[in-house]
Structure formats: structure tokens, C-alpha cells
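**Q** These protein sequence lines map, in sequence, to chains A and B. What the first sequence shows, in UniProt numbering, is residues 1 to 336, in sequence order. What the second sequence shows, in UniProt numbering, is residues 1 to 336, in sequence order.
Rather than coming from a laboratory, the hints here were simulated on the basis of the structure. Hints may be right or wrong, so weigh each one.
When chains are identical, the list treats them as one kind, so a pair holds in a single copy or across two.
In silico DMTMM-like cross-links for lysine to aspartate or glutamate, where the CA-CA straight-line distance does not exceed 25 Å [unchecked claim]:
(1) K184 x E329
(2) K79 x E58
(3) K11 x D100
(4) K79 x D167
(5) K184 x D202
(6) K79 x E329
From a predicted model like this one, the values you see are computed outputs, not experimental measurements.
There are 2 protein chains.
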Amino acid sequence: MPTIVASEVQKLVETLLHRFGVPAELAEVQTSVLLEAELRGVASHGILRVPRILRRIENGVTNPLATGLHDWTSPGFLKVDGDRGLGPVIATRAIDAIADRALETGVAVAAISNSNHVGMLAWYAERIANRGQTLIGFSTSEALVHPWGGGTAMIGTNPITIGVPTDDGAFVMDTATSIVSMGKIHDYANRGQVIPEGWGVDASGEPSTDPVAVKVGAISPFGGAKGYALGLAFELLVASLTGSALGRDVLGTLDDTEPCTKGDLFIVINGSGGALSAYLDAIRALPPANGFDEVRVPGDRAQSTRAQRLAQGIPVGAEVWAELLQIAEATASKER
Amino acid sequence: MPTIVASEVQKLVETLLHRFGVPAELAEVQTSVLLEAELRGVASHGILRVPRILRRIENGVTNPLATGLHDWTSPGFLKVDGDRGLGPVIATRAIDAIADRALETGVAVAAISNSNHVGMLAWYAERIANRGQTLIGFSTSEALVHPWGGGTAMIGTNPITIGVPTDDGAFVMDTATSIVSMGKIHDYANRGQVIPEGWGVDASGEPSTDPVAVKVGAISPFGGAKGYALGLAFELLVASLTGSALGRDVLGTLDDTEPCTKGDLFIVINGSGGALSAYLDAIRALPPANGFDEVRVPGDRAQSTRAQRLAQGIPVGAEVWAELLQIAEATASKER
């Protein structure tokens, strides 16, 4: 695995986006969300997404210039038509707008449709918590998860993020409602390894430890019936308020040719934060259970990985990196 | 187990509350939340709570007359000092106020502190969804749940509820972030049965299947690290915005003498709902997996239990019912 310094990753991705028609300011936002995922060890939301993003621009299903059409349907409700724009560009402009509005109204909502893959939700939660405000965010995805008690993929991996300002920086939680990402299933398949029991079912709905079978079957919700309930509730919440598609009608984050029909929902609440860090430190100071070397708070591992990777570089997938370099070479003449 | 018709349960609980100084209108709200829990099969949030509610009024830590002090700190943010009132009374008045406000502003938040146990959160989600609006609700509780990787109770059972209006009635999801309720642990202990592996740890933080040991230890979060992350995020979110206590400083829902220091947070978003029922019906129509007789949507089982119990009566705990009758007899002279 090649190890690349963050600035070099950033430069290459920004260059590629620029060559495909993304203005510099917008390319910077898209790149930042991908790069932060790499820095935090969330490779599934990192630069492996770049070739698809470029192909979608080429195919006309992503608009590289769009920043979103804002419609304040009431003082606290911002309806955003993403105009087929880059997910992070549309979402960042939307959350900044509702964070500004929440300074006056106390709370504001952005309901985004017609926008592309939003990337790692934690990025948005941290951005707003660093402003001293609270963010709750949801996004939907292609149907990859089966309901509890049924074996067919009908629900997105539907993540939730929560960012809360504290007296010691932002607390950020970000989790999918699937037990694992489809990216990890692909990863096991590529390495020819079996997956743990409970991660998914095959196309006939039977539990399977064969990642190749689960790829065409469904991932399980995390935590059984409760995780299923959460994932389904997020699907309905987002679809109801954004007008996005539901279940198997969601397209456009895993393909190169379909307009993206998922939705994103963000709520920003104006809050002063509070003296929360003593509580978090008390949790960190607990004696670890058997099999654990420490008790972590959500975000701790990501932050330590981030610090390490900023200092020592990012281990990136050899194939992905080679592909990006190849696209760079093939498009060198496009330099503007 | 005696089976009692709903109207009789309602009458007895309202009578008792009235005798302890709760005005009729407020007693009706508190009773409705308890009764709906019984009707839906959530006994842990039903009439077994009544003796404690009455003792807390007697001990002066619950104010039977309070309806909450409302302070609109901004157009969309309602700060509620519960004035030590009955949880359902304070919460219902708060959500009605923010639901009205959201008609104008698009979204509004109620941050409630100094209020008693709020009961089954689904009740609030359903109330608002039935108005054609969306509700997201959170509440905290005494520290009963251990962090993932640590064996000490530091986090509440912190439930979330989501209510979404659909073209076929309210969709309501309500789940705690603990794998099981402490009420169920007590139930196993009372019956002398072992609990399933993974439900909790003993006082030394070791996993245990002895409910008596887990009662003084900690319940596990549902879904491992992800459920832990959610429960902790909800704890911080609620405490940050309501000013309620954190972790082991939360008191007053499991005792008779401490002012209640947990918080409740509700968000109402004005939304027209949508044609969601075809999607839910498609999920229900899936072939059930092995070991399941049907694929259910959250709320389905509660609604079918409710219909049955409305028709055939509610099986209530013999001891609880006897205790309520005994209190009724002892307080007969208090009839006003």
C-alpha cells in the first residue's frame, strides 16, 4: 500500500475535479470531505469514490457547477434542490445557511434532494459543532439492508450523525444503521475471505458468510430489530421531508448513469454547548473490559488516526491510487 | 394475571392521581401515557409506575399542579422549566406549543428540564404525526448502560422516537439504546431465571447471565459499539440543550425522593408527510426469514396488541393491581 502525504492526495483530487469542470472553490469542498475520510481511516468514503464522481460528471448525471437552489419555505425550513450537484458542495452550502439562520430562529432544517453522494456525515457535524452549534444529520442510500425478519434488501445503510459543541472541542458521532458497509463486504470478497456470521444474507435471504453471495443479497441491520427500526425510520423521515425516493427506488450513489434520488436532512440547533468534557473523560478513565485496551468515546479513534496520518501520510489502496494517476495522465491536456 | 378493561384501568389511575392533588385535566394526560403503554404491551412504562408517581408527589419532588414554565429564547426554541411537574403533562404541553409554532417557522424545538419521567416516547411521536407533522424525540435516564469496552453504568437507556405522518396513518418508531430495559432484568430476577448472554455485566464489569448481578451492574448497549455511540450522543445532545445532568448525576426516575435531573428534547418539523405506505406494505409483504412468521414494520405489533387489549382487556401484574387497589382503599377518604 503506498503511503501518500495528505497534501499530495488533496492536490491530485482537486486537479482531477478541476479538469472535469469543477470550479476550484467547489473542488476544495468535495476534496476536503473525501480527504478527511481517508485521514480518519474511513476508506469506504475516501478517494475510491473519485473515479465514479468523475464518470458521473462525464455522463451528465452530476452537475459540476451546481451549488444548490435554496427555497426558504418558512423561516426555519430550507428546501434545497441540489441541481444534480456534488453532494458535499450542496450539503455544505445548505448547512452553513441553516446554521446562520439558527442564530436568529434557534433551529433550522435543510431538506436536500437531487444531490449526489454526501460522503462522511461526521464532516458536517464537526463543521457545525466547531461553530458552537448542534447538528443532527441523516442521509439515505441505495437499498442494501434487509428488514429484521425478512431477507431482501429494502432499506438504505441510512447513517445518522450528531455533532455537539463541548468545552473541549466538538463531540462527533457518525454511524450507519447497517452492521457493516457494503465497501467492507467487497473488501472481504476481493481478499477471498469469509465474513463473520450475522453480517448479511444471500440472494435467497439465507444468512451467509460468503461475501460474494452477500454482495448480491443484503447486509443486516446493526443490533437486530432495533437497528432495523432506526434505519427504516430514517428512511421515512428523510424521504418524507426531502421528497427523495424510498427503498429500491434510490439510485445514483453506486452507479455512473442514474440521477441520484436519495435525500439528506440536516437540523442545526443553536446551543451554547456545555461542560461536557469531564463526563467524557470519566468514561475514558474507566477500567477497560476484558479484550479492550481502553474505553473510547466516539471520534477518539478517528482523531488519533487523523493525527498519525497527517504526520506520516495516508496508506491508500494501490489500485485506486494508480487509477487516479492514470486519469491524471489521460487528462493532462485538459489542464486549464 | 388479572385482565382489566382499559376504562377501568384509566378510572382507577385517574382517581388515584386526583386524590394526590393532580387536577383532572392533568391526570388524564398522565394516565393516557401510562394506559397506552399497557395497551401496547410495554408494561415497563405502564401502571407499575403509578405507586412511585404518587410517592413522589407525597414527598414533594413532583409538583402535581405544574404545567411547565415556557420561555421562547428564540422564535423556534422553547426552553421549558418543568417546575417538577408530571413528565407527560410537561412534555405534552411543550410539544403542542412547538407543533403550533412549527406551522409558522417550519421547525421548532422544546428543551425540557426539571420534569419527571416522561413515559413511553412513542405516545408523543404519534400525537404529532397524527397532526400531520414530524417529531423526533429524545430523553435521558439514570445511568444504567455501560460504554462499549467498559463495564460500569455511565449512560442512560436514552431512547429515541421518530413519528412521521404517512398516507395511512402515523409511522412511529421508539427504541431505547440499551439492549433491554432494566424492568425486564428485574422481571427475570423476580422469576429466578437467567438472562440471555450479552444483556449485561455484573458490578465488577464481567459479563453475566445472573439478573440479580446485572441489577447492580450495568445493562449493555444494543448493537455493541454503534448502540453505545448513539446512546452517548443522545446523552450529550439532551444535556447540552436542556441543561440536564449527565451520567451518574441523573436521578429521580427510579427513586422516590430526588428531584428529577434528566432532560427531554423534542423537535417538530412541519411536513406534509407523503405516500409512504406503499413502501411499508412492500416490506410487510416480503417472505419472512426462517424463524419469523411475518415481516413487521415498527409499531405493527404494538397496534395489534392494542386492538386486542382494547377488545379483551389488559393483563396487568397481580401485585401492581393489588397495590393500586390498596392505595385506593387507603385514600378513599381523600375523595374530593
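**Q** Taking the hints in turn, state whether each one holds.
**A** Do the hints match the structure? See the list:
| no. | hint | verdict |
| --- | --- | --- |
| 1 | K184 x E329 | neither (29 Å within a copy, 63 Å between copies) |
| 2 | K79 x E58 | neither (27 Å within a copy, 50 Å between copies) |
| 3 | K11 x D100 | neither (30 Å within a copy, 50 Å between copies) |
| 4 | K79 x D167 | between (32 Å within a copy, 21 Å between copies) |
| 5 | K184 x D202 | within (16 Å within a copy, 34 Å between copies) |
| 6 | K79 x E329 | neither (40 Å within a copy, 58 Å between copies) |
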